[in-house]
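Number of protein chains: 2
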Amino acid sequence: MYTHSLSASVCVCVNVINAYFFPLGCRYVSKTATKTQVEFDYNGPSMKTSVPGPRSQELTKQLGDIQNVGAVNFFCNYEESRGNYLVDVDGNRMLDLYTQISSIPIGYNHPALLKLMTNPNNLSTFVNRPALGILPPENFPDKLTESLLSVAPSGMTRVQTMACGSCSNENAFKSMFIWYKNKERGHSTPSDEDLRTSVINQAPGCPDLSILSFMGSFHGRTMGCLATTHSKAIHKLDVPTFDWPIAPFPRLQYPLEEFSRENAQEESRCLEEVEDLIVKWRQKGKPVAGIVVEPIQAEGGDNHASPDFFRSLRNICRKHGCAFHVDEVQTGGGTTGKFWAHEHWGVDDPADIVSFSKKLLTGGYFQKDELQPDKAYRIFNTWMGDPAKNLFLAEVLNVIRRENLLEEVTRSGKALLNGLYELQAQYSGILSRARGQGTFCAIDICDDETRNRILLKTRDKGVILGGCGDRSIRFRPALIFKEYHAHIFLNIFNDVLAQLK
Amino acid sequence: MYTHSLSASVCVCVNVINAYFFPLGCRYVSKTATKTQVEFDYNGPSMKTSVPGPRSQELTKQLGDIQNVGAVNFFCNYEESRGNYLVDVDGNRMLDLYTQISSIPIGYNHPALLKLMTNPNNLSTFVNRPALGILPPENFPDKLTESLLSVAPSGMTRVQTMACGSCSNENAFKSMFIWYKNKERGHSTPSDEDLRTSVINQAPGCPDLSILSFMGSFHGRTMGCLATTHSKAIHKLDVPTFDWPIAPFPRLQYPLEEFSRENAQEESRCLEEVEDLIVKWRQKGKPVAGIVVEPIQAEGGDNHASPDFFRSLRNICRKHGCAFHVDEVQTGGGTTGKFWAHEHWGVDDPADIVSFSKKLLTGGYFQKDELQPDKAYRIFNTWMGDPAKNLFLAEVLNVIRRENLLEEVTRSGKALLNGLYELQAQYSGILSRARGQGTFCAIDICDDETRNRILLKTRDKGVILGGCGDRSIRFRPALIFKEYHAHIFLNIFNDVLAQLK
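Protein sequence lines, in the order shown, are assigned to chains F and Z.
Residues in the first sequence are numbered from 5 upward in steps of one, following my numbering.
Residues in the second sequence are numbered from 5 upward in steps of one, following my numbering.
Treat the hints as calculated values from the structure; they're not laboratory data.
As the structure is a computational prediction, the values presented were derived from the model and not from experiment.
Just to be clear, a hint being listed does not mean it is correct.
Given that identical chains are not distinguished, each listed pair holds provided it fits within a single copy or across any two copies.
[Claimed, not checked] Restricting the straight-line Cα-Cα distance to at most 20 Å, the calculated cross-link-like pairs of lysine to aspartate or glutamate (EDC-like) are:
| hint | residue 1 | residue 2 |
| --- | --- | --- |
| 1 | 52 | 84 |
| 2 | 236 | 198 |
| 3 | 379 | 452 |
| 4 | 372 | 69 |
| 5 | 147 | 83 |
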């Protein structure tokens, strides 16, 4: 049992659970945190049926007459969900370490967001969705300054909102193509031939440029993004695509401190391949306008690389005149313990474009001045985002600051990762490669079938997890996930592993 | 003056304006309509400055430090906007015949939508945005049935929501590619080679399929959609694209009744070209998986074609085994006097896929059973739409039914188009080709420069219009636009034209 074998953690774990139910003796929860938690979080999982329960199954059948339901896990009662706990339609209450594919920043029904909804001054923002590109609301510049620009990555003062992650990356790619062509022209005035041919899908108006991406990456599912996505076949099968270069992403060996030489070599190999591909694609007549990369490949299996790797990649871009696009759709918003994962690289000029969505509630991207298109209507669509989502984001950022949530994430992430290390030592036949930054953690399971069995068993015991890659489990709790939540999870996870052994 | 030259309309126009201010004597406004109008609409334009006024100019400068503002018209006070009237930050109140690029269905701050916001049962839907594909809310099947399925096109019982118009079309294209490949295989099981090659952007996993589109079309700006968009160079310039076939769209001559033979010939020519392109692209090894078409090319210049044309196009798809995708992003939602523009074709089986967004408030598409992908995660993303938008849509549909808005649109559209015919007769050197269905109307101006001058002058007199194509003006009022609004506009338009002459 977990409490017997993890001697160092025994007391912590038991204490914390006790502390939770008897807050007076609590060592791990600050007073501030306790206050918020007591306000709107539940005190633990509570299971009434196996999941999906009968009501979820009934609804899945009903929805199956309307759309493909192959991916539906269960149906939710969002009204009853609170904080870190998702409640389903069969009355099961589960600790949520997946948070709607990493897209709920501060838990369910956070009081600050509910309050915002009842402010009559905000009604009009919800009811009248503007075409932001032509008719923005009066408070739009202030709202952008207050929300997105307050977390702008180093060196970036420009931001464009979009409706979702895919649209953000699509438009970021377009900005890189436009920037590259203007650079090539030496000015921003297209020729008549450029204009004439672009309308009929021909060069030179539609040039044969490319974006370099990495094996295992995920950048979205619309056709431009999909050409740079290489995590799973099912995403791409049967869809026409572009002949764009794909570089290997480092496959690090763990524990990192034991394999530093091997890992450095592996990263060098990948970087050399990047440069080779840039040269090769230029020779093929399809120059690389930009490189797109995730700071941690998420969907592809939580693949990390060192700050050195990313710094070198940034330099390769400078050397070859490509734009550098860091896709923080999954890593952004505080989950790694810093607001942006690229902050861990420790550089002043991390990227030319940084895209976001998910936890930021609105999609979009930051960019350096020179990446902003020179003319109107080059980057454009009807809505260009949604001010109602900016409103929520501004409040989420207030909560993050007020409750020091980045520190909390660092603390609870440490508890989570240390717990995973210990379980991995104990169940070495099942678990390996525990890794993470903040609460953005993952662990590998011996095989795909066991991974899926663990996910279901853990869920039936009241914890929601997600898979990624071939056989990894990814942890994506909200930013209000505390140390004691980590211990609730670790206890349950231990039970599942013990029964599996 | 307008009232002198349009003898038949004089009384109507003057009466209606009078009737508006003195509702008791009103002939044109039904009691139901009056009630709603009195509740939340204004009684006419009111201009204080030229547009953009000083405050708008100041804010444009401020926003210019954050993003490209080349397309910004002016800044809005959405709180003060009501019904058909958009109020700007300088206190100007304008009759809005453009409605945020045709995306406001029932006017600004409609009481029914405001009421929905204050219902505490709805709060959770706004605050907790789910990953709909995996964890839908309990009421999701019912909400889809109540809203989108209640307006499903003939022959379609399946619907997939998406965040915006571009994402809707991108995923509709993917569904057509998947359907086409499975048809070609004779089953839905990909080979190992299909799976292996798809991840690295190679055939056969990523096949060389194509979508046939029309010159002048607009289907969105993400890279798949953009490959089928051919309305303006600025949308496509410098962005890599696919070698997909582009057919001519009929260029009808007006008045239609005088050119019936010529127009029928023109449509035949285009249809022949469609068939030739399908054969040619099959021979090139890039078979046409689907054809995408707008019922009225909107952004491209409000280009209409006859019901016969679309029926023949549908038959060509059947004959050649291509899917038929009708893009109703701009035409859908009631603005043509029917809920879908394709209903004017009078066929039971109008399409395989119908996409929507804008006035429907959520993006998405309806599809026939056989177009639904066979497996989970083939059509997928984090949010898959937004239940908060479905909530608004359900209420919009209630209002449309309760207030018989489709009949109103037919009536006010007739007043608008008849007024345009008369003005066109009077100002034949400036205006031509007045055309429309419902309030989805347009008119051509002698040249681009005059068009833009008219747009600005009309705006300074309190009416917002939009341009489309090379030199057209498009009319896109909300569904609550009444006959007397048409006359307010016609009066002002006449003044502008008279001064221009």
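Quick rundown of the hints versus the structure:
1. 52 with 84: within (15 Å within a copy, 50 Å between copies)
2. 236 with 198: between (36 Å within a copy, 12 Å between copies)
3. 379 with 452: between (49 Å within a copy, 19 Å between copies)
4. 372 with 69: Answer is between; shortest inter-copy Cα gap is 12 Å, intra-copy 47 Å.
5. 147 with 83: between (28 Å within a copy, 16 Å between copies)
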